[in-house]
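K.L.:
Note that numbering that gives the first Met the number 0 gives residue 103 to position 104 of the sequence shown, counting from 1, and the numbers run on in steps of one.
Honestly, the hints are just simulated from the structure, not real lab data.
Heads up, the beta-carbon is just placed ideally off N, CA and C, and yes, glycines get one too.
Keep in mind that the hints are not guaranteed to be accurate.
Heads up, simulated BS3-like pairs for lysine-lysine below, C-alpha to C-alpha not over 27 Å straight-line [said to hold, decoys possible]:
id	residue 1	residue 2
1	Lys69	Lys2
2	Lys1	Lys69
3	Lys75	Lys135
4	Lys135	Lys2
Label-pair restraints from in silico Cβ distances [stated by the list, open to error]:
id	residue 1	residue 2	range
5	Ala93	Ile8	17 to 23 Å
6	Lys75	Phe109	18 to 24 Å
7	Met41	Thr103	15 to 21 Å
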Amino acid sequence: MKKIILPGILAGVAILVLGMIVSYIFMLIPAVAADYSNTNIMRQWQDPLMSLFFIYPFVLGIILAWVWNKSKTLFKGSASKRGCNFGLTIWLIATVPGMFITYTSMPYAFMTVISWTVGGLVNSLAAGGIFAKMNK
């Protein structure tokens, strides 16, 4: 559990912080800001369920730490290369198809979906780097 919980929590912190930074940058684009303020497709921040939004990075971090622990032997090379390859793999498997279906089936602006895709890449790479350094 030590190889999963601590790296997972640290990855969760990184995912939360980096996600906020990426979101802040993309919120400068009017179409993205409009999507976030559209209460027909997004919950308002005042909704109590929105507090659960901040648990997501930690759930994701712990799950990804578990996946890393099970698959780390598949990734060869230096720690940074292994972490990047893991992050890229997770991004391609989870984020890219999810964002494709989001764009094709929901009324979000293209740039909103791009922002989530970029955020997913940044987060996956950061988590992979943390796991490769902490859990060889």
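K.L.:
Evaluate each hint against the coordinates.
P.N.:
Okay, the hints, checked on the actual structure:
no.: 1; hint: Lys69 - Lys2; in the structure: holds, 11 Å
no.: 2; hint: Lys1 - Lys69; in the structure: holds, 14 Å
no.: 3; hint: Lys75 - Lys135; in the structure: holds, 11 Å
no.: 4; hint: Lys135 - Lys2; in the structure: holds, 9 Å
no.: 5; hint: Ala93 - Ile8: 17 to 23 Å; in the structure: holds, 20 Å
no.: 6; hint: Lys75 - Phe109: 18 to 24 Å; in the structure: violated, 36 Å
no.: 7; hint: Met41 - Thr103: 15 to 21 Å; in the structure: holds, 19 Å
Hint 6 from the list above is the single one not met by this structure.
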